[in-house]
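A.B. asks: So you can see what is in the structure, the chains are spelled out below.
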Amino acid sequence: MDPARTPLGQMLLEEITPVVMVLSTPSVEEACLKNGLSFLQMLTPFCSFNNIDVPVRTASDQPYRIHKFKLRLFYGSGVRKPDLKVAEEQLKQVITDSGEKVFSELCTDVPEINHELASSEDRNTPSWFQFFNKELVRVASFSDHEAFDHPVACLLAVSSKDEQPINRFVDLFNTNKLPSLLNDGTMDPKISKHYLLVHDNQDGPTESRASKILTEMRSTFGTSDCLMLCINSSPDAPIKHQVNPWASQISDTSPNQDLDCFLNIDDINEIKDLMQDLTSKHIIPNMEQKIRVLNQQVSATRKGFKNQIKNLWWRKGKEDGADSLNGPTYNFNSIESQIRVLGDYAFMLRDYELALSNYRLISTDYKIDKAWKRYAGVQEMMGLTYFMLDQSRKEAEYCMENAFNTYLKLGSLGQQNATRCGLWWTEMLKARDLYKEAATVYFRICGEDILHSAVMLEQASYCYLLSKPSMSRKYGFHLVLSGEQYKKCDQIKHAIRTYRCALSVFRGTTWSYINDHVHFHIGQWYASLGMYDVAVKHMTEILACSHQSKTTQELFLGDFLQIVEKTGRTFEVTKLQLPVINISSLKIIFEDHRTFGSPSAVNTKEGLWHSLEEEMIPSFTAAKANWLELQSKLIPKKLSQSNVCVAGEAVKVNIEFRNPLQITVPVSGVTLICKYSTSTEELTSNENELSLKTDNEVDHFRDMSSGNSSFLVSEVDFSLGGGETTMVQLSVTPKAVGTLEILGVRWKLSGAIVGFHNFELSHPKKNIVKGRRKPKHPPNEKFKFMVIKSIPKIQGSIHSLPRKAYAGDLRQLMLELRNPSEFPVKNLKMKISHPRFLIIGSQENAKLEFPGCLTKNIDSVQSVTHANPNIMSDTVFSFPVDTSVQGETPLLWPLWFRAAVPGDISLYMSIYYEVADISSVIRYRTLRLHYNVQVLPSLDVSFQISPSRLRIQDFLVRLDVVNKTSSESFQVYQLSSIGHHWEISLLQPPDAIFPSQTLMAGQAISCFFTLKKSRRLPTLEYNISTTHDRSDDVLLVPQCSQDLVYNTNNVPLVNFHHYERLQQKVSLENLGDLNTVDFVLISRPLNSTINHGLSDSPHVMSHHSCHLSTSSTGPISWLVDGPQTLHHDFSASFCEINLKMHLYNSSGVTVFVRIDTSDFDGSGGHLNSVNAVQSATPDNPAGWHDVTPVNELKVTSNALETQPGKALSLESVSPYIWSGSSSTNLHLEPMSSAEVPLQICVFSPGTYDLSNYVLNWNLLGDSDEMSKPSGKCQGYKYYLTVLQST
Amino acid sequence: MAPVAPRSGDAIFANIERVNAELFTLTYGAIVRQLLTDLEEVEEVNKQLDQMGYNIGIRLIDEFLAKSNVSRCVDFRETAEVIAKVGFKMFLGVTASVTNWDAEGTCCSIVLEDNPLVDFVELPDNCQGLYYCNILSGVIRGALDMVSMKAEVTWLRDALRGDDVFELQVKLLKQVPEEYPYKDDE
Amino acid sequence: MATTACFIIVSRNDIPIYEAEVGVAAKREDAAQLHQFILHAALDVVQDLAWTTSAMYLKSVDRFNELVVSVYVTAGHTRFMLLHDSRNDDGIKSFFQEVHELYIKTLLNPLYLPGSRITSSHFDTKVRALARKYL
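Top line first, the protein sequences correspond to chains A, B and C.
So in full-length UniProt numbering, spot 1229 of the first sequence is number 1229, and the numbers just go up one at a time.
So in full-length UniProt numbering, spot 96 of the second sequence is number 96, and the numbers just go up one at a time.
So in full-length UniProt numbering, spot 93 of the third sequence is number 93, and the numbers just go up one at a time.
Here are the simulated lysine to aspartate or glutamate pairs, EDC-like style, with alpha carbons at most 16 Å apart:
(1) A:K134 / A:E14
(2) A:K1013 / A:E983
(3) C:K105 / B:E122
(4) A:K748 / A:D717
(5) A:K468 / C:D48
(6) A:K68 / A:D2
(7) A:K605 / B:E44
(8) A:K193 / A:D277
(9) A:K605 / B:E43
(10) C:K105 / B:E22
(11) A:K605 / B:E41
(12) A:K272 / A:D53
(13) A:K550 / C:D30
(14) A:K587 / B:E41
(15) A:K587 / A:E606
(16) A:K826 / A:D917
(17) A:K537 / A:D559
(18) A:K587 / B:E40
(19) C:K105 / B:D119
(20) C:K126 / B:E122
(21) A:K789 / A:D592
(22) B:K171 / B:E78
(23) A:K1012 / A:D1078
(24) B:K47 / B:E152
(25) A:K789 / A:D917
Some chain C residues flagged as far from chain A (calculated, every beta-carbon gap over 10 Å):
(26) T74
(27) G76
(28) H77
If you're looking for bench data, these hints aren't it; they were derived computationally from the structure.
All figures in this text were calculated on a predicted structure; none of them were measured in a lab.
In this text, a Cβ means the ideal position worked out from N, Cα and C, and glycines have one as well.
Between the sequences and the hints, there should be enough to build the whole structure, so can you do that?
C.D. replies: Right, dumping it as structure tokens:
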């Protein structure tokens, strides 16, 4: 690569060229001004020669030829340091209008990054960059520490009109007019002068006066240096040049107006040759000659060993003298300056080796002298020379860096030079494709001057982009940096430009802060320029900045809103990030054949409803099939899957809005965007055109949302606090048959800006209520609804269903059904999930007041139908055929509610009804109701039954009631046994049990009853007694208090009891066992302090406990009958006592019984028998089923009480022996009793416990069942006291 | 009638072939992750895990009874002990402790100090409410089901939710009595 | 302890998945984005360097004024980038190594899908503790 071809090479050939100082008289100028040019301007175009073929011979002997050459002309006044201020202004101006220019065409969209790369070559060198850099370089010109700006020649121009031109020539060049640089000795004032006589042909012919002057000049100054130039030789008519050589000079005048000049072609040619031979015949030879002279001097003084030593020694000598910042001052004739001049001349004449050698030579000197600025300058030149020689790049860069740093060290004086050096350096690096390094240099160039640094940074960024591999991120970063600088020196347009370029890098980045920063500032700046629309577009990007601090968020939102309001209209944005829509929370609720009573009913699982409705809905699939095919008549097959909704009934959409910010944002006018079309084909058509037009979605949405008469949309306003989330329910109500499609949602943020969200485009995970069809739906089907003509919809509710209730609370409720529409509905059915809690009453109950209907003093005939539990099995309850729900009058239907067990119960009930007219797509509908009831524990009732030892088949019932509530007190009112084969009676009068008649909170009471089998033959049927015998009800309150007795065999108690039985059943074999008894304890709350939390105070509470087995010891019960005390004279003989054992078989089958009596010596047997007692009851070994606590207690307790019993009997009781048969076997028929004689012998008076016998029993009879239950029964304590008779 | 069951599964664990713990953990993790992606709701995932666990349990119990010669447990307490001491040791290599018996002895807590399933696991915000180890509860349920105990297993504490340990509450709902087909005597 | 230290984990597709200002210097508003800019720009350098060396810890790859960017590249080409003005090289190195272990643990969490943001508070506290310890 030829260095001269590179941009840097070009620049150097332009900038580092000989300077010619021009001195001219005013008359010369005015002669030129006729052409609108100054004398300088007139000459300048002809000072750069593209092919001036001059042989050059410098120090070396063989000549070489120079082709491209240039002179720089300066007026004497111009030969000085340029004024910084002016330069600055000029630069600023340049940048500003370039900014205008570039910005105007950049208002189009941001260029893509790849296009960036492609066009970056010319982008990173816009004209104004070049110009800017050139200006920066010029600022540093005419510095005193370098010599290539020294004038090599002086051109003195005098007009022929001047009188005594000779004198004019002389005093043109008298010293006091010369520029200071020549006078103060920085430059050599003895420069070769050239005397030019300028003759204006319009003043008359040449020869007369001008030639005379010329000869005079020749005689005075010598022939060689005197020249004459004739201009304006064209007659008065000014001529136009099609190619205007001065176009570049006069930039201020507009180029189209080509200056009319009196210079005709041969004038121009004359100027051209003039300059040509001035250059070739005078200037260059002068330089050559000077180079040779200087070279000889230098070699004389400095070359050679001796000189080196001397030089060093001498410098050491004057070491101490000078250490100012830029070292000693050298005037032009000091040897250092001359070496420098030599170098520069050589450089300008392209004799780089010579230049380099001299630079090397001098640089050491300057270094030693600490003349840093000069040193830097020399280093700089060395670098350039190396570059031009295109050898040892390392050296070149080293030198440049060295120079650069040295300049920087100088601080402010070195600043411009540093900049220039840096620019050259970067150019050098660029020329060698070291863009990355160039960028870093640019970065180092930018000093405290903001504007410069902005431009430098931008150039740096482009360098990064050009570097291979291109570093786009660095590019972006530096663009942003430069943008900030631009902003600082309010070059807004440049700032925006750079930021937008940066945006092409950062677009779609997840680096949140970067994104926010760029968008926010672009927005702000656009706003400051008044381009609000673009500003808003950028600002919307940063609204959801959850990661920012609160203040920043407020700042962003505030500015955004300001800008929006400045625009004065409401914007509509497709992707407004505020508030955030949680699309996964999207839920569509619609009612086709299923209607819901409450939102909670909606949220319950579909499967649960199905299981509930299965047997209600007649052959579900079949029904579906026939309405499907009926549907398929109406609409094409593809839509057969689509959701069905009824005209006039709202389709609800639940969707979640989240506010990511920490500040509250008001959201208003949240509505659904829906599309309604009367026919389905149309829908399919603009279905796909919807998919096409996602771009101009906004207006599409707008006309969608614009008031369409065929459906109503609800509108919601709310305000989202910082970081909070709200679920919003929106609804759309179609009015006519057709197809409705929900497209999306629109909202208005803080009254200023409208956002849209399209459900289709963001394919969410939709959990639509009908999860059953989920897989079958393509996503867009989810939002399409086939609107069918309106059909009746029943609304239902249960009146006065308590939210909280105490366990056992029994009350009557009303189910109210309304049918607002005018169409009738037929055969209603109803199904309830928990019959244990809620059962369906009869129409008659509605008439009765509550709780009176529970008591017995109403005739129970009318309740017979419902009292039979067979129809109360959990099948569907179907309303009577004649029931019609229509119009105003609601259908009221009584329900019975009983809080069965403590806990949170959710009751589901579904009501099925059919639409009267067949034409409808939907034949039937179901109304689904869901209620939650919290049941608190109230009374804990437990029974313990033990066989009475007085009479066989009598039992002692111990009732334990504990009030588990915290504050309530109850009145235990009545105990009843269900089914008529038991009779209970109190042992003590009630007021003995309840002196206060109340059971306080936490209080526990226990009372005893005797339970005996009723004489009537019991059957498993629940036969309803029409005759009230009180034998199975016991009032636990004194009769005086109330006289009514609750009829436990009546609806609803009996029904509830039925379910309780089913619930509490332990295992199959003792269901319907005759030996089990069911109790119902009825209690009533006394003081109505209950109605805190409770809707109303309960009236009656029933507590059911079922399957209390009387035969805890197996099928048989027995009784030992004999004397309690007797007198006997032991002196006479031992005493024989006869006892009788009555056995009764209470089971339905024959029992084989063996009575084993055992004596005390086999005391191990007792222990076995103790174990036997425990394991004898095979249906409940300890802890192996969910028995009520009381049972558990009982088992353990009697296990415990037998243990010490034995122990006690062992030591204290004196022995006796069974004298009868040690073992007796007998068979007991079902329900039959037998007597077995027993006999014991005692030998001394005392008290005897006759409990050590064991009854082994096992059921015979129905031997088909593989396992025959059998067991042992330990004898119970029977104390016999024998006294010594006197 | 105390069974001669080993009171800890160390012996059995010692000569059961093992798999790399990380592989095991990550495999389970992959399963859970997949479930989460498939059935998008945490509740569903819990159910599914429990179901899978159940299916494992009903198979595992036989293996368990075969390898560890645990004879019939007299009551639920003993069963729980065996599960904790032998079962967990045998299949997870960790031992659990049984605490918090209620009065009826039908409900207790199995406490796991460390749980190989949850190495590295940390519940992200969107998966709160996930019972990561729900498979374990399923296994226990299934296993108990096979020995005719209807049990209900719920998590009381979950280390993944910031508790210190894992606590499984095993509540015996109902025991289907298995009658001894012959008479006791004669 | 470094006055300024900004730690960022960048996933293999250049998305920051964890960010923490672990310096003791009072957090300035604009600091955050400046740090992000610097680190983001430094990615360019990293992607050149990463393939030249086999070491995971490429020391300080880039600098902006007095801020230095040190980078640690895991095998999965996840980059730990630390912007700091302190000078203890080995401290930073060990910091990176410990964070790497933490990161591996996070990766092993089956509920964390790789490349997604690390939201675990546990991880966060650990990292900050390490920063206090080493930086």
